[in-house]
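Each chain, written out:
There are 2 protein chains.
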Amino acid sequence: MSLMMLSAASVQAQQQRNATIPSNSQAKEDFQPNLTNQPGKQYPMVNSEGAVRVQLRAPGATSVQIDLGGRYEMTKDENGVWTGTTRPQDVGFHYYQIIVDGTAMPDPGTVSFFGAGRWGSGIEIPSADMDFWQIKDVPQGSIVEKYYWSKATESMRHCYVYLPNEYDKNPNKKYPVLYLQHGNAENEYGWAVQGHTGQIMDNLIAQKKAVPFIIVMDYGQGQNIHLKGQYAPAEGAATNDAFQVVLMNDIIPMVEKEFRVYTDAAHRAMAGLSMGGGQTSRIALANPTKFAYIGMFSGGSMTPEAVQGAKGLKETAKLVFMSQGSKENRGVVEGAEALNKIGVKAVSYISEGTAHEWHTWRRSLYEFAQLIFK
Amino acid sequence: MSLMMLSAASVQAQQQRNATIPSNSQAKEDFQPNLTNQPGKQYPMVNSEGAVRVQLRAPGATSVQIDLGGRYEMTKDENGVWTGTTRPQDVGFHYYQIIVDGTAMPDPGTVSFFGAGRWGSGIEIPSADMDFWQIKDVPQGSIVEKYYWSKATESMRHCYVYLPNEYDKNPNKKYPVLYLQHGNAENEYGWAVQGHTGQIMDNLIAQKKAVPFIIVMDYGQGQNIHLKGQYAPAEGAATNDAFQVVLMNDIIPMVEKEFRVYTDAAHRAMAGLSMGGGQTSRIALANPTKFAYIGMFSGGSMTPEAVQGAKGLKETAKLVFMSQGSKENRGVVEGAEALNKIGVKAVSYISEGTAHEWHTWRRSLYEFAQLIFK
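Chain order of the listed sequences is B and R. Under our numbering, the residue at position 114 of the first sequence is numbered 1493, and the numbers go up by one with no gaps. Under our numbering, the residue at position 342 of the second sequence is numbered 1721, and the numbers go up by one with no gaps.
There may be inaccurate statements among the hints.
Where chains are identical, the list cannot tell them apart; a pair therefore holds if satisfied intra-copy or between any two copies.
[What the hints assert, rightly or not] Using 27 Å as the maximum straight-line C-alpha spacing, the simulated DSSO-like pairs for lysine-lysine come out as follows:
| # | residue 1 | residue 2 |
| --- | --- | --- |
| 1 | 1515 | 1720 |
| 2 | 1636 | 1552 |
| 3 | 1455 | 1697 |
| 4 | 1588 | 1552 |
| 5 | 1636 | 1515 |
In short, the hints are calculated from the structure, not lab data.
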């Protein structure tokens, strides 16, 4: 295929993405307020088929669309209120926005989430298995915001830390730690907010399906992490290792000082979604004796060759976990089998009916958490 | 004044608020990226006079304005990028938004804050005294998200809890508690995020200007708190006491169970800003033997008559604190003097150069925190 053909195909794809889809007029009329709405807000709504209905008051606008896996037409009533309905969506959480006269804006009806490089709206399509991340009246852990000084960036940074409920009740007990990273154009809030890390862990621990451990969630977007002084990259060097520098030099030492954690590889895990899965594989391969549990959710890869080239990794790694949504094509089953063949314990997981989105990653955490530190 | 005159005045005021102010063409050209911008974003910017410059790419829009204490005109360049500049603003934090063809939206350049009933943009105008809320390399406390079961709403609720740095290091020490509430159309994030509660406290404690104590920040918007069962209000009853019901029956018992705190009135404080100040005065008067320290920041009032009518309050209250911005007219000096005359220790504080906004409240917390639990 010539470059010109590729370019034409790419223009066509862009046009298709921007083409307006008619509002879904066949939707079942059993809409309920979306679960991530702000208190007191009725819209957006979701029906039992997973279709989303959005309303926005914008009397002065000439064109308003829902941008949720395509641009859906909205129509204006006599009061200047625009309404539109999407086709049924996959179960789970989706970022979306509203396009007003060509300008993207969040739907003011929902709580604000950071994804796709912006603070914007999020919709939750209930799934049959959603119980596992619901807030339940079980012993509640906590999500702690922790600021710390970073030598590598010469600035204060912050992270979120999940502490299991029992942490404060056992002042002499030490805990294992999972370092858990977000995806591209997301941030350190993602896992705790749309990921529901706290609820997933509280529920697993209450059911004794997971051992209590600590989870550290930090900001890993390499191009926004500016290394300074002795940590600054050489002129022209790639910056996608900036998070690795901060993790190894600042975050892990801070966590091991500020929290009651074990400091050996057997009690240390790293996982991430999408870009965070790529970081996990790169960091684990570059630090082969540091992480016993390695989780790559819809991102990253670890070939037998890479493992064999990373001295000590095979002996250190107790589990390599690879997952994807069933609507993704990442070959995690074959990837895990290839590692098993060289004697590395590897497990794959496929999230049924989901794509490169948060429900895949919530389920991945739910599965991964049951397998580690045991 | 007749009702009709009032209505005409109100229409005129609304028209003035909606009238477009020309972009500030006299602004000093020393603009720097705003402190609350998302990583990597240059705009919005603030200059040394406190003027704000906003940019938005919106090629399809026919009118774009900055809504920041008035609606400022923005103009479009040949690339469809709109730019506008406001007059100098008061120091401190302001909520604002962009109006695109009449529809309000957040500025995608800033981090997202909840205020004015929406997740939206916030701008920080540096102040000469801003050091007190800056993140510094001092021992860091933490902000903990805590979920709990509420009997009163028959649902899981959550709050944010500030724990001083030393909390985890003193497993046998108990701490006093301040219950600290947000204003109308804000939420439980406000004090920790735009209020910088954690930084204010960490800095005060590091300088030994405040004793270490715990701060609990919950969601108090009465009309969105739905009481159930035995706690449900009688048909037609006002709901502005819903937060009081939750605080006294759920939040305080949860905090006293889950955290290492003293449980007597001498070690319990309540404060709030604006609506939260009103809640503080009502709750303290209705529970006169429960709070030794009472802080009303730009809201609420406590007259000598009210104190004398609340049996036990005079004996319990060690300090009543009333504050306002110098651009507000609340009579806090006279209010405190009136209480002093009946033998209640009361202190007033006026934040110079600020109005009914967050910098007033950050400074109020900074002052109040130095006076309590001593």
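Here is how each hint holds up against the structure:
Taking identical chains as interchangeable, the C-alpha atoms of residue 1515 and residue 1720 are never at most 27 Å apart, the minima being 41 Å within one chain and 51 Å between chains. Taking the closest pair of Cα atoms, residue 1636 and residue 1552 come within 27 Å of each other both inside a single copy (14 Å) and across two copies (20 Å). For the homomeric pair residue 1455 and residue 1697, neither the shortest alpha-carbon distance inside one copy (58 Å) nor that between copies (58 Å) is at most 27 Å. In this assembly of identical chains, residue 1588 and residue 1552 lie within 27 Å of each other by CA distance solely inside one copy; the values are 20 Å within and 33 Å between copies.
With identical chains, the CA atoms of residue 1636 and residue 1515 are at most 27 Å apart between copies only, with a shortest distance of 18 Å across copies and 32 Å within one.
In the structure shown, a violation is registered for the earlier hints numbered 1 and 3, in ascending order.
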